[in-house]
Every structure is written in structure tokens, then in C-alpha cells.
Amino acid sequence: MDSPLDFWAGLPAVVQDAATVVLLLLPGLVTGVLVLRGFAPGRLVRAMLRRFSVVNAVFVGLIAVSVAIGIGLTAQERGLRQGSARAAAAFDLILAAPGSEITLMFAAVYLQPSDVPLLTSAQYAEVAADPDVAFAAPIAFGDTYLGAPVVGTTAEFVTHLAGPLLEGQMFTTASEAVAGAFVPIATGETFSPAHGHGPAAEEDAHHGAAYTVTGRMAPTGSPWDRAILVPVEGVWEVHGLANGHAPSAGNRIGPPFDAAYFPGTPAILVRADALWGNYALQSRYTRADMMAFFPGTVLAQLHGLMRDIREAMSLMAVVTQVLVTVSILAGLMILTRIFARGLALLRAIGAGRRFVFAVVWSYSATLIAAGSVIGLALGWLAAIGFSRVITARTDVLVTATVSWTEVQLVAGFVSLTLLLALLPALAATRRPLLTDLRS
Amino acid sequence: MRPTRVRDAAGHTGLGLSVAGLEIRAPDGRPLVSVGALLVPAGSSVAIRGPSGAGKSTLLHALSGLVQPATGRIFWGDTDISRLSDAARTRFRRDHVGLIFQDFLLFEELGGLDNAALAASFAPAARRMDLRQRADAWLERLGLGQIGLRRVDSFSGGERQRIAVARAMSNDPAVILADEPTASLDRASANRLIDDLAALPQEAGRTLIAVTHDPALVARLDRVLTMAEGRIVEDSHG
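If you read the protein sequences in the order shown, they are chains A and B. Per UniProt numbering, the very first residue in the first sequence carries number 1; after that it's consecutive. Per UniProt numbering, the very first residue in the second sequence carries number 1; after that it's consecutive.
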């Protein structure tokens, strides 16, 4: 017979998540059942809610905002983590001159402007000739057009990155280009690249050089969606360098490159024939004159470093929620005094202390539940909104949605605060009956 | 001597009152009410009058179990409520007592019927429907049948007090204790309420004790107790 742990581990993930929500809610639900057993305080609670509708709305709003902040933070952090990982998924292995892996990763994967040393023609030739390498795509960057990075690479890598083109056809000459999915340039348009990035870009540095857009990539959810991809030969040519092929090769583009005419490349994006081959290649090319790294591993290390910050943020979010709720419960204790005469009336006409307890607890529980549900919805909307902002600013497709984690966070919060709501309810039953009745 | 229960033709059971050696003191020990002996037969009506501060309301609160006496016994029928726990006195009020207050004490955000049937909120589930039906019937009888669902903040003072009476009657009480029930009403409303209150003991064997300054109400009840400085100084029949 399976142990409970084995049974739990054998359950589908969605069942585990749903069961966790139920378990987290259970203390609050059990409390509710025990408190309300045998009573029907609904009408009175509705009356209390209507009595101070503005104050109640403020309380619900405060709870909702605190819950939404907690949810927005955790959902956003996860969305950013997943988005950055998804953007790097197509980059199996990167080879570059020794230096900072992080700098290289930001340059090659996220297309952030960076000055990095070049790999030589001999190094590229060695990698390209490696029998374990399926393809080795040089990339060359440094130019832009209207803010969009112009990246030199191979047709093979374009297909590997984005699959079949959304429209048009792949570049076939050094003066043709394929636009990223969201680059505001139409197929058939011709443009002249600027040298450099941002305000410092030199618009006329490549005067006379021009590319014609022949196709458009499908969206990748990465900064490459806002890049213009050209044959690496084109980048070399507009910089006045050899184009990787002997003059006798004519207008040919793409590998194999002639080592004698290979000007160098800041990075090579490599894919092995088999998954294990990537590890062999990484081991083989991690050496004094070259470094090889998996962007996914570097990202995982970065995410690992940020885990403590993430956990601290989550804790702060929960503490903030609980503090807000405790403040509100303290407010409810004060508000309960305003209801004191009505509650005293209930006891005078025969309601037990337990019923008064149930009324006040239900009132508090309604505010908490309403605030939490609205907070969940607000958090979801906030996560979507922030995702769009981050996606627009980084071009990393961030899709932050409310997941089971957030639902569990809210469930735990609701349960805890429903237990805390016992305090104002208890305080209401301790009030002097006759004094309140005469007040 | 303890009062006996009486049962009228309709089957209502009344409770008589027997008070002996009652002393009620303020928290600082100052005597508030002192009643050596008082008997009120079931099914009778009593007015308690006297100047402000005479202890009328305090005595009424003690008779309802809202105030615990320092010494003495308060029997309603066979039950000595002065010896009951707080919870048991609350249950006694729930089952046997109807309370009417000077300023109605209604929940403004509830409808007339919901206020009248307030006891249904905390009654056992089996009794809730019965309580609501009885409250509804009392509203009907008191002339509020058509407006029982309206929120009470739209009601006049007289209508509110009649809702409070319906609330007091919803649990079919053996005892009705009213504290200045007509004090907040205009004359016409007060007279109508007095008609309603005065009929209660006669038709169902209920015991009615009302603290009042209203001569019109005093004149309609069987007996008049006059209090001064915490004591009953006069006991006369109306």
C-alpha cells in the first residue's frame, strides 16, 4: 500500500494545487462552519454592510489593494522569469571570446548593445568543422535602423529561431533582410543602417549601403522580434570588411565560410546534433582562448541569485497584507462599537453571545472575502498591465497570469485573516449589555 | 408564594411574577431598587410610574434578566431568573419575554418584516418559519401588513413602534415588558399603540408590565405601581 506521501506525489499537478487551496482554506472554512452553525445572520450582516457602505467599501478596497500588490508582485516575477527563459530557449550554446557570460548573453540573446572581443576565423573554422555541430551561426551586431538592431547571421539560424517566415522569403543576397515580427518596416522596403545604438548612432556611417526587406519572421517572444536580420556577410561588407567568402565565390552567402576571408565574430550560436552533444561541445570549447556557455544555465544562476530577493518580496507582500488586515480588523473593533446598541438589542431579545459573535465575524469575513476576491482580480489585471509594459520596454514577451501560486497565497491569507476576525467578534460579545442598550 | 401558570381558551400560557427581597445596587454599591415583595398574576397588566430616577427602568431590566440583582428572588412562573446564568436568562427572554423600548431600537437598513422577525435570525432552524409567519401576522394585525417589506427608515414613529411591538410578539411571549412605549409617539399614534398593548393580556393571558409616564396608558392597565427612590410607594388598581 502506498504511503500518503507516495499517494500525494502520484496525484496530477492540478489536483495537488486544488487540494492545496482547499487545505489552506480549510481553517477558515471550518471556523466559519463552527461559528455560523445553527444561525442565519445574513440579513443582519447585509444591514451592517449597508449601514456604513462607504467605510466598508474603503476597508474592502484596502484589503483588495494589499492582496493585489502581493499577487501582482509574485505573478510578475514569475512571468518575467518565464519570459526571459523562453526568450533564451532557442539559444542552445553560445561560443565567444573569454569574458563575461552575462554580458555576452545580454548581447547575443537579448540584443543589448555591448562591446565584446571577436572570435577569430580559425576559431570559427574549428567550431564549424566539429563533427558534433549541426550548425554554427556567427552573429554580428552593432548597427541599427530606427532603433531596431540590425543583426548579421545565417538563414539557418533565422529558421531555427522563428521557424517558417510569416511572410515573404528568406534573404538570399548580402543586401537583403528579414524583419522581426514587430519591426515597423514593410516587406519590399529598403533601408540604410546606422552605425551604433540609440542617440549616438551614426546615421550616415554606412552611406550607400542598403538592405531590402524580403520577408518577416514569426513572433518569438524575444527581443529578436524587433530586430532586422541580415546575412552576416552584409554586416561585414557595410563595415568595409571581407565578407567571409573568396571574391571568386561571387554573391554567395551562408556557410561554409572561407577562413581567409572571415573577419571575426563576437559570438557563434551553436547547436549540436544531439542534446548530449551540447554538453560535449560546451566542455570542449571552454578553454583559455574561448568560452562556451548555455544561456539557460546562466539565466538559472541569475534566477537562483534572485531567489532570496524573490522570497523576501513574497514575504513582504504577505506581511503587508496581514498588517493591512490587522489594521482593518482593529478598525472593525472600533466600528463594532457603533453597532454596539444593535448588538445589545439582539442579546436583550434573546440572542446568545454566540450569535452576536457570529454576526460580527460574518461581517468581518464578508469584508475580507470580498477584498480578497477583488484583490485577486485586481492583481490579475495589474499583472497583465505590467506584463505589457515590460514586454514593450524589453521586448521579452512577459505573460504574467494568476496561477495556482497566487490562488494559494490568497487562500492562505483568507484563512489566516478569518481566524484573526475572531478577535473583533470576541470583543463584541464582551461589551456591557445594559450600557450599550442605553447608549 | 409563587405565581401559577394560567392557560387561556386559545391555549396561551401566561407567567405570573413573584418578587421577594429584591435589591439592585449600582457598581459602587449604592442601592438603586429595593422591592420587598411583589406579586403579579399571570394575564394581568401593570403600569409602573414615578419620577425620573425612581428606579422604574432598572426594575424592568431586572424583571427581564438584563440586570442581575444583588439579593432577592425574581420568579416568572416556576423559574427563578435571579439564579440563572447569563446564557440561561438570555434563553428565558428568547422563549418567554417580549421587550418594547422607548426609541424602538430597530435596524434602519432592514425591512419592517425583517425587523419584526429578528428573532428568526438566531432561532433554531425549525422555528424560523414560524417566527416569520407570526411576525408577519402581527404586522398585519397592527396595520402594517402591506408595508412590512419597506425599510424602516421610511416609517413614521408610530409605525416603527408597532414594528417593535410585532417584534416583541413574534416569539409568542408569556411576558411583555415595555419601557416608555409611547414616549416617542404623537398622541394619535400613542393612543393606537395603547389600544394594541392593552388588548394583549386580555386576549392571550399574557402578563404586561409597562414603565410609563403616559396617563392614557396607565388608565388602561389593571394595576398601577408608583415608585420613588427605588421603592414601590403605592400599589393601586386601575
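Rather than coming from a laboratory, the hints here were simulated on the basis of the structure. Glycine is no exception: its CB is placed at the ideal position from the N, C-alpha and C atoms. Check the hints yourself; a few may be wrong.
Some but not every residue of chain A turned toward chain B, in silico, with C-beta under 8 Å [as the list claims (entries may be wrong)]: (1) Arg43; (2) Arg51; (3) Val55; (4) Ala57; (5) Ile349.
Derived coverage of chain A by chain B (criterion: at least 3 residues anywhere in the stretch with Cβ under 8 Å from a Cβ of chain B; other residues may be distant) [said to hold, decoys possible]: (6) 34-42; (7) 426-437.
Using a Cβ cutoff of 8 Å, are there at least 3 residues of the segment 426-437 of chain A near chain B, or does the coverage claim fail? holds (count 3)
- [ ] Go through the hint on Ile349 (chain A) and say holds or violated, using the shortest Cβ distance to chain B against 8 Å.
- [x] Ile349 (chain A) check passes; min Cβ-Cβ to chain B is 6 Å, inside 8 Å.
Tell me whether the statement that chain B covers the segment 34-42 of chain A is true, taking a Cβ distance below 8 Å and needing three residues at minimum.
Since 4 is at least three, the answer is holds.
* Verify the interface restraint on Ala57 (chain A): the C-beta must sit less than 8 Å from at least one C-beta of chain B. => violated (15 Å)
| said: Restraint: Arg43 (chain A) near chain B, CB-CB cut 8 Å. Satisfied or not? | reply: Result: holds, 5 Å to nearest chain B Cβ.
request  = Mind checking the CB of Val55 (chain A) against every CB in chain B and telling me if the closest is under 8 Å?
outcome  = violated (14 Å)
task = Return the status of the interface hint for Arg51 (chain A): holds when the least beta-carbon distance to chain B is below 8 Å, violated otherwise.
result = holds (5 Å)
Taken one by one, the earlier hints fail for this structure at numbers 3 and 4, listed in ascending order.
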